[in-house]
Amino acid sequence: MLLCLLGSYFFYGWWDWRFMTLILFSTILDYSIGLKLTDTEAPKTRKRLLLSSVIINLGILGFFKYFNFFIDSFREMLLTVGVEASMSELNIILPVGISFYTFQSMSYTIDLYRKKIPVERDFLRFATYISFFPQLVAGPIVRAKDFLPQLQRTITFDWNRFNSGLSLVLWGFFKKVVVADSLAPFVDLCFEAPETFSSIHLMLGVIFYSFQIYCDFSGYSDIAIGLARILGFDFPENFKTPYFSKNFSEFWTRWHITLSSWLRDYLYISLGGNRHGTFFTYRNLMITMLLGGLWHGASWVFVFWGFLHGMYLVVQRLIEQPFRSLMTKLRVPTILSAAMSIAVVYFFTCFAWIFFRAPDFEIASTVITRIASLEGFHPSTIISKFMALKGILLIGVLLIIELTNFRIHYIPLLVRKPAFRLAAFALILWAIAFFGTFGANAFIYFQF
Amino acid sequence: MKQQIFSRVGWAVLFVFVVFIGDRAGGWLCQQIVKGSGFRYSRMYTDKAKCDILLLGNSRGLGFYQPTIEEITGKKTFNLSYNGMTMDLGKVLVEDYLERYPAPERLVIDVTMCDRSSPEILASFVPYIADSDRLKGLIRDTSYNVAAATSVSHLYRYNSEIFQRALYYSNGKSDNEWLLDRAMSTSTLKHTENQKYRIDARFIKELKATIEYAESKGTEVELVMTPYYPPFAKVVRGLDIFHEDIERGTGRRVRDYSYAIEDPSCFGDFQHLNKKGSKLYMQQLKADGVL
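Protein chains in written order, with my numbering: chain Z, 1 to 448; chain A, 1001 to 1291.
Think of the hints as simulated: they come from the structure by calculation, not from any bench.
Honestly, I wouldn't trust all of these hints.
As the list claims (entries may be wrong) - Straight-line C-alpha distance at most 30 Å; calculated DSSO-like pairs for lysine-lysine:
| # | chain 1 | residue 1 | chain 2 | residue 2 |
| --- | --- | --- | --- | --- |
| 1 | Z | K36 | A | K1173 |
| 2 | A | K1217 | A | K1234 |
| 3 | A | K1035 | A | K1196 |
| 4 | A | K1286 | Z | K390 |
| 5 | Z | K385 | A | K1279 |
| 6 | Z | K115 | Z | K36 |
| 7 | Z | K385 | A | K1208 |
| 8 | A | K1217 | Z | K385 |
| 9 | A | K1173 | Z | K385 |
| 10 | A | K1035 | Z | K390 |
Unchecked claim - Computed footprint of chain Z on chain A, listed as stretches where at least three residues anywhere in the stretch have a Cβ under 8 Å from a Cβ of chain Z:
| # | segment |
| --- | --- |
| 11 | 1017-1023 |
| 12 | 1152-1161 |
A virtual CB, placed ideally from N, CA and C, is assigned to each residue, including glycine.
Please take these sequences and the hints and turn them into a complete structure.
The following block contains the structure:
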């Protein structure tokens, strides 16, 4: 355990040792508050302790991540009413992984307050939970109730765990280096100067982005989960073929699962969830998704992305029942209605991705208007055809693998057989060598 | 227990062996595809590219439309141009060509390729490093990691767009006739004002060395600037002094055709002629004695 902790601090300090103080501060804060929460039964004191943890944690996160954003937004708001204020922005570096470890640390205090978990009295164990390197910079967000008990057991080398972890690591690398990074240059061009591309080119760019971000982020999660498994720990699953979701509620149980379940358990339910009638359910959904959007980055485009997903969830609740009745009345075969639902969810998810990827609303609206114009809607207007072909081919391979593994998870079973494992590992390595894109392509979620 | 360890070590050794053999076998297969391809560089490195007029440029150089040139001059052509081609790479290709073939009568270079360096484009030419020590050396000097990776994995040598193109022309079909065949829309012109041409003294030196090498082999060299869509050429910064810099640096005349074609239907986009425009441009080059 000590080795894991030192290794994790070394890993984090390698990026910028100064920010070690931040992670140490959060660790000491929540560790101390945790001890005090357990030592007292007085509701007011407990509430005060919880609030101090939440306020300080969110205060640090807010300062590093959102200070300039709020200053800038406030200045622009004043400008709209004719007041020109001079407020200088600070040159703040966003500490890597702060959004992830802050949420992880807060979940411990909240769960303690709710008396869902026992207190952790061993500081080294708690510090390892907060800073464990595989998931430190981009998740999955691991809950204390899942991880702290694992730190108490003796870890021994397990060949089967090693193999299963390694297969996840390799699959994660495949998704990142082969798929995501191969799609990135095409997508980057689309969002740099969308006005210069045709409708079909931009449409392909948006589709590529949906797979780029999926493979980038889920690839990282697979690597993190695989590394943890090799070291003897189990992390929760973070992605489950999200683009096969038939509705948006399902999408959020398949996409960045550890964040969406965190938001559900600590925000949506705290706001009242669906316990106080339709209006409040919709309000809570919107607040949760708006803040979920803001969590991703200090920009209004992320907030709008969250808003869109909130709207999707609200509209879905409104039309779900009539839609089902209509399908039954029209006697649409289940498989067809499922395919239609998947297509509709994917379409609207892609629409929201435009705002997530675009640096500002102007670029996002250019992308949308040019796609909608259908100008040059012919494959011959696609520039970088070879890049496009490679992207389509890789997405096809990914979809075939995920689609066949969708219902019956046969791949993990096959990987247990040595001959198949050898073939699978070799194939992935060859694919990485033959299709991989190598360079300075950091994981997208590192910036959050 | 002992048996289990031996079994695992055995599997590990077998794994390394399979990966290595597969990589070499895959690399060999790709090499055969590249060698048998009708793609221009494959033809060049397999001695199938003898010509009278050698052409060089970046994506704009692809506007040297070979069927028209051959039709109006009756001479054989070979085009070394490639999207994003840089002058250092162009120099290596010209030198390789002149070393392998009898000197062509003429080498026509579109000098607008002197505006950038691109280690990525260079690295994408790794499928041909087995055929050219010059190319190998250039890639080693500019992208050491790529050069090292190609020694470890032979499959990695074919991880590039160049290989995809070679694969596309693997049926033996030539790429001589390929050219943009679409007409552009002028509606996006207002968004192009930030474009800038910047010339580096290093590229001029490379160009000068290329000219001198070709001339030493008895090849006459013509420098040109292929047409831009004129309203675009007007807003691009740096273009006006581009040919002056090159003329000063090389001591050779640059024929500037930047504003030679005005009809928007002759362009695939603001910087590239389409088939119709290229035909006109080739006629102009012929009339001016460039071809």
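>> For each hint given before, does the structure comply? Return the numbers of the non-compliant ones in rising order.
In response: 1, 2, 3, 4, 7, 8
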